[in-house]
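These are the residues of each chain, in order.
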Amino acid sequence: MKVAIQKWWFPIFLLCFWEFSVSNKWLDHSFFPAPSSMIIVMWGDILSGKIIHDSWASFQRFFVGLFIGSTLGILLGLTMAVSKSVDFMLSAIVQIIRAIPPITWIGFSILWFGIGTKPAIFLISLGTIFPMLINTYDGVRQVDELYIRAAMNLGAKRRMLFWNVILSAALPNILTGLRVSIGLAWILMVVGELIAVPNGLGQTLMRAQDYNQVDRMLAYMIVIGLYGFLSDLLLVQISNYLLRWQRGLER
Amino acid sequence: MIEFHGIFKTFKNTQAGTSIAALENVSFIQKEGEFLAIMGPSGCGKSTLLNIVAGFELKYEGVCRVNGEPVTNTGPDRGVVFQEYALFPWMTVEENITFAMKSAGKWTRNSSKISKDILGRMGLSNFLNSFPKSLSGGMRQRLAIARIIAIDSPMMLMDEPFGALDALTRSSLQKELVTLWHETKKTIFFITHSADEAIYLADRVIVMTPRPGKIVLELKIEIERPRDPTSPEFNEYKKNILKVLNSD
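Chains as they are written, first to last, in this note's numbering: chain A, 1 to 251; chain B, 1001 to 1248.
If you are wondering where the hints come from, they were derived from the structure by calculation, not from laboratory data. We put the CB at the ideal spot given by N, CA and C, even for glycine. Incorrect hints may have been included.
Not the full set, but computed from the structure, chain A residues with beta-carbon under 7 Å of chain B [claimed, not checked]:
| hint | residue |
| --- | --- |
| 1 | Gly155 |
| 2 | Ile166 |
| 3 | Ser168 |
| 4 | Trp245 |
One chain only, chain B, in its complex shape (with noise of 0.2 Å):
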């Protein structure tokens, strides 16, 4: 479970001799195993929240506890997709895995095993002695959600992870991941500026607005997965969105 509460953020310029507000008073809590998808235009906040929870960002106020515990660093029990993938260039497919794995101490004897299994569900079998730099963006992407799947993280923190893909890409890799969702149970908290990306996937979208970033809409979406992004409900919750975020 992931709790804020009264979240304010300013990121001051002490050069300039300005700041930004980019939290104000930002409250809500996600449930174990829920897909949370936070959305909203650049300059909301949204990779701010998703910093405060993965533990890079420590200054703030308010309180931000994970499983009931205030966070104070960052971990492997919330492991983070970026959206520049953040692989090792130098270490190959199968190495990345391995790093990651005996990183959050969960190498064993059988693990060269497992590595071997998750890559090939995510369809990297044949790339296992590649070095990231000869994969495709897609498959950049896939080999960073592995090595969360390998350090078996309960809790899947995704910061615009399908951003930099086409849009072929993009739609297989939401697909996958809804599967995934279903086969671990993980907790997603996914954050995107795609309205249709967030409907898609998650099971509650909060739509964010910027200067200074602060909640203005939750919605539960309650469609059947898989969902039809062009069915007349799915329009419905877009349209919902689209107006808050045009109002402003």
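Bound conformation, chain A alone (with noise of 0.2 Å):
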């Protein structure tokens, strides 16, 4: 309780401000809306079933290009570390497709997936791939010698070396490289919603936008935060618990 005032307070009392700004007209609302008439439309949107939908369209792409992304990062970065020669072959490709911003392929994507869900899908995909890759990479790499030495010795075969030593020995890495990834993938997914699909987080935003709805846009800004926020707390969350031993606690 104690930390949880410590820790919001300011924000509060920011807002608070920020809303007597406002209505003293230190602050012109065309400009900075008052975060109270901001929470009116925010309820209005929640009633009316719009936030519901709009997320649950944009987790959809979240979810699923975050899906392919991890994976597709893992599993290449696996085969990196483990295979020299695979390593040889795509270490220069990856570390420039990695130097190019994930937002210049808006053209390439909607090339070659038109307009709609998939593009979004593809720009996640690609940004959320190569945190994973290169944290699965040195997570693998890092493996301490001493660890496989014992294994073997215990007559591990290939398949428990790598689940319950190589992998288990690599997780902190690979959930460092997650965190990565879903803070891009939630900036990627609104970017992707810029590019014409009919609802989403994004795509509302825009359209507020467009109309100069402030206190909407407002909002729905907000509301990326706050799932960004949330998303965070909750692998961080599930990191604590998967990372329980690193801390040395009783279970």
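The two chains are supplied separately, each in an independent frame; assemble them into the complex guided by the hints.
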């Protein structure tokens, strides 16, 4: 409870100050919409089902893209870490494509996938591959030789060596990669939805911008921020559980 | 039975262009059930010898045979206890044992009970669901030993297993190891840099010196167990060993 107060008093204070500034005309509402009017719009959109509808559409793109990207990233990272020839073959391509900002792929994504959900998923997948790939690769490469020696000495076969030793040892890095990927996936989801899709959080935000609905713009920005915040919080919780062995506490 | 015949091993540093003679013409035999200690200062090649028997080190001159067969790989018939414990930190105490038994192909229907019994015997009953990180150094090494007992390895190769422990913990683990050896009749190949530890534990001590690593002394320790490290005969052995080491 004490921590919650320490964490939240300042954001809440800031909101109150903002509200007060707008109602006192220190700030112009058309540039800085008051939090209260934003909350009214947000509440209206929740009741009408609009936010839920948009969220659902966005979540689908988010999860499908993240799933494709992170799965490919893990698989590529593992293969490159284990096989030197694959590593040599792919490392230049990976390093160059990784350096290209995913947003610059918008043109080709429309060209290849048309307009709609597919290019958005493509962008998310493309952006999330690399954090997963790099972190998985590093994680596997950094596995202490001692663990492998011990496991081989105990007679572990390939399958057990891979699942119970190498992958477990690399899990902290893989989860770090996933955390970066989730952050990127939210950004790319909104970017992807700026390209003509019929619904979704980014799309509604775009339209609010076109009609100069500043309250709704802000409401949707906050909603996106909250989803990003909550998804990160959830991942941290899951990571803490999976990596509880690092803290040395008893189960 | 472990046999070394004319083992030579050189470590080359290709970048610096230097090479170090880690082992020079090392030959000896360890009988089944014998408690053998290899003792010497750092750099004398004692750990290299262990790595050769364990099958971690395969590039050397000479012949190393275990039960008559040349060593070509590592395996659960030669369980290793490492100085750094080498427990899997992401597995609980019990899971570490389970993993070892499954790896060694020793997992059967009542293995879960066997593993609990062994952990109980090693004083780890209250820590079944703890992770290695929450255990003390002594507890961790007990678990590492329990792991080798669980896979029922006839040989136990121990690489300075108590080197990182405090004196009190070390001496209690040494006592337990002697008891364990009496009970299980395992062949123990024990690496140490401490003359006291070697004399306290082993049937026979092989003393080595560095640059190049070679055997300089072999001593049969003929003191009844449990041995008293403060007794005159114990000191006699110790004097002999230190004399050889200091003469270099």
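Cross-check of the supplied hints:
Look at Gly155(A): its Cβ gets to within about 4 Å of chain B, closer than 7 Å, so that hint holds up. The beta carbon of Ile166(A) comes no nearer than 11 Å to any beta carbon in chain B, farther than 7 Å, and the hint placing it at the interface is violated. With 7 Å as the threshold, the beta carbon of Ser168(A) comes within range of chain B, its nearest partner Cβ sitting at about 5 Å, so the hint holds. With its C-beta approaching chain B no nearer than about 4 Å, Trp245(A) sits inside the 7 Å limit, and its interface hint holds.
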